[in-house]
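*Asks:* Modelling step: build the complete structure from the supplied sequences, incorporating the hints.
Chain by chain, the residues:
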Amino acid sequence: MDPFLIGQQVVNGLILGAIYGLIAVGYTMVYGIMGMINFAHGEVYMIAAYLTAIFLALLASFGVDSVPVVLFLTLLGTVAFTALHGWAVERVAYRPLGRSTRLAPLISAIGISLVLQNYLRLSQGARTQGVPPLLEGVIRIPAEGAGGHFVQITYIQVMIVIMALAGMGVLTWLIQATSLGRACRATQQDRVMAELLGVDTGRIISVVFVLGAAMAGVAGVLVTLNYGSFDFFIGFVTGIKAFTAAVLGGIGSLPGAMLGGLVLGLSESFFSGFVNTDYKDVFAFAILIGVLIFRPSGLMGSPEVEKV
Amino acid sequence: MGLKRMGVVALLVAVVTGLVSGAMAAEAIKIGVGGPMTGAYAAFGEQLWRGAEQAAKDINAAGGIGGRQILLSKGDDACEPKQALAVANRFVDVDGVTAVVGHFCSSSTMPASEIYADAGVLQITPASTNPQVTDRRIETLFRTCGRDDQQGMVGAEFVVKRLKAQRVAILHDKDTYGMGLAEAMKAHLHKLGGKEVLYEGLTRGEKDFNALVTKLKSVGADAVYFGGLHNEAGPLVRQMREQGLKAPLISGDGIMSKDFLLAAGGPQFVEGVYMTFGADPRRMAEGREVVSRFRGAGYEPEGYTLYAYATMQAIAAAVKATGSTEGTVLAKWLHDQKAVDTVMGPKSWDAKGDLHLSPYVIYRWTDKGEYEEMP
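As they're listed, the protein sequences go chains A and B.
Just so we're aligned: the first sequence equals residues 1 to 308 in the numbering used here.
Just so we're aligned: the second sequence equals residues 309 to 683 in the numbering used here.
In silico contact screen, one side only, chain A against chain B (beta carbon under 8 Å); selected entries:
1. P133
2. S229
3. E268
Okay, the calculated bits of chain A under chain B, using three or more residues with CB under 8 Å as the criterion:
4. 117 to 129
5. 275 to 283
Derived from the structure by calculation, the hints contain no laboratory data.
Computed from a predicted model, the values in this text were never measured in an experiment.
C-beta: ideal position from N, C-alpha, C; glycine also.
*Replies:* Right, dumping it as structure tokens:
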């Protein structure tokens with residue numbers, strides 16, 4: 001087996017995994033705090049793709065053509081707007097139902113997901129949209145490798161890896177080392193007790209939704225720049241995969257989400273590359289089932305402790 | 309409850325149709341147009357709808373069919389078999405259509421056709437190319453496009469004889485149309501003495517095919533045939549080019565839309581992409597006037613637009629000649645005709661409902677983002 005091909009599949013899997021991981025973070029954080037799945041999360045990622053195209057077009061019309069500046073402003077603008085969407089999802093779908101059964105917000109989140117999808121379809125059209133390549137160029141090892149005997153990574157893909165690492169770093173620092181993070185962890189452990197001790201848990205839940213949506217926003221920008229095209233339906237498939245990654249890694253665990261993403265991305269990539277593309281999803285889900293049989297709470301999840 | 313509600317609906321429909329027919333001199337002839345009007349494949353639905361709508365408008369302006377106006381009913385199947393069934397039931401039970409133009413995706417056309425056949429409603433698809441569509445021998449089902457076994461044959465001939473490819477990889481999207489086309493291509497490749505180096509299916513709706521592209525490189529593919537639609541073909545060819553795989557990509561009528569360019573992300577990625585499609589109907593003498601009417605309205609009648617127009621003309625011709633709205637009567641007339649004049653020239657059908665003549669030609673995408681017929 002050609003070592004370059006194995007190397008290339010590792011790169012392919014890492015990129016895919018980093019994207020899954022970035023989106024999985026949103027699922028895992030909301031679950032960690034509230035014990036509920038946010039089914040509208042995939043749509044936030046989809047909206048980020050549209051926002052990316054809008055910001056790129058806006059910046060181009062203002063004559064901004066420095067690539068780093070465009071990238072920075074697009075990321076900033078998109079993340080700001082998706083964060084707002086995350087906040088709104090919590091306000092509309094979760095908060096009014098806080099006292100009802102656990103399943104009610106789940107259904108309302110699915111409702112929000114449908115609303116967002118169709119809102120985008122009606123306002124932006126159902127057809128595939130695209131953005132022109134912003135950052136072109138590849139790193140090839142070895143540089144003069146010909147005929148497939150090289151491992152390559154594009155600049156955008158390098159950015160995906162860097163942003164995924166940076167995003168995880170910032171989030172981990174936020175949760176582990178700040179007072180806000182302490183309040184998050186307290187809310188996660190025992191919401192009622194945290195409330196009794198003066199933590200504004202409503203605000204914490206908002207913050208978690210905003211953070212998760214911001215990460216999905218980052219993923220949306222990077223994916224759009226990487227693949228160049230999107231439509232109003234991309235949130236669905238990617239959302240399901242990211243959710244799988246979150247469960248695989250142990251839902252509720254931050255590093256677990258990233259690990260789950262990477263495991264999923266790499267296993268898809270390797271199965272597709274060396275066995276058969278038709279059944280790559282079957283294989284990915286077989287891994288999920290296997291992991292859940294032996295570790296019911298996922299790779300890095302902590303077992304559910306029965307609260308007395 | 310259910311019955312009561314249905315009764316109310318039926319009453320409402322009766323009132324509405326009563327109003328509509330009252331408003332017109334003679335009762336209108338209802339024709340359903342079914343296709344992916346929304347969803348990822350909406351570009352194709354638009355082609356179908358625009359073509360059928362313009363044809364109905366033109367026929368109505370010329371006095372309708374024997375004095376009766378055409379009334380169109382739009383059905384959105386989103387290229388989903390389940391939704392196609394719902395659309396078909398609505399056309400038959402609620403709208404009471406005389407004939408149906410559609411559907412687009414073979415995987416929608418086939419389940420829907422069972423309902424039309426049971427109801428004795430004439431169905432002509434302008435775009436479903438899977439052989440099984442007509443091979444099931446439904447008497448009231450026709451098509452105004454070619455078949456994938458013809459298309460796959462032309463594709464295979466092109467790959468072997470023109471491109472002189474030795475190591476052909478065949479991919480598909482696991483859907484009725486895409487897989488059918490890939491199967492047809494594979495069969496003809498074998499007939500020509502070739503053998504594929506890879507035959508695999510990707511997943512509709514995904515964007516990342518990098519692992520598959522790396523695999524294409526590893527098997528040393530010098531031509532890649534793809535059975536599927538532009539939403540997946542676009543990212544696929546882009547990732548091939550990004551990974552330095554310069555092998556040509558050959559596909560069928562599923563990428564016959566400018567949306568392929570968008571899905572690929574720019575004209576620099578589509579060079580070296582070929583596709584099979586019928587000879588461009590926009591260049592036929594019969595269609596010149598209609599094409600200019602489309603362009604006057606700001607719409608470029610690409611892809612299957614004129615096929616839908618021709619389909620509507622065929623339905624109108626059958627209704628006019630027989631004076632009937634019975635599916636079986638209309639079907640018999642269409643089967644018996646030597647030539648029905650359409651915007652795409654005279655058309656006639658064999659016993660299965662396939663066109664007697666439906667030649668495929670090869671188109672090439674250029675680095676300008678345009679496609680052109682190969683000389």
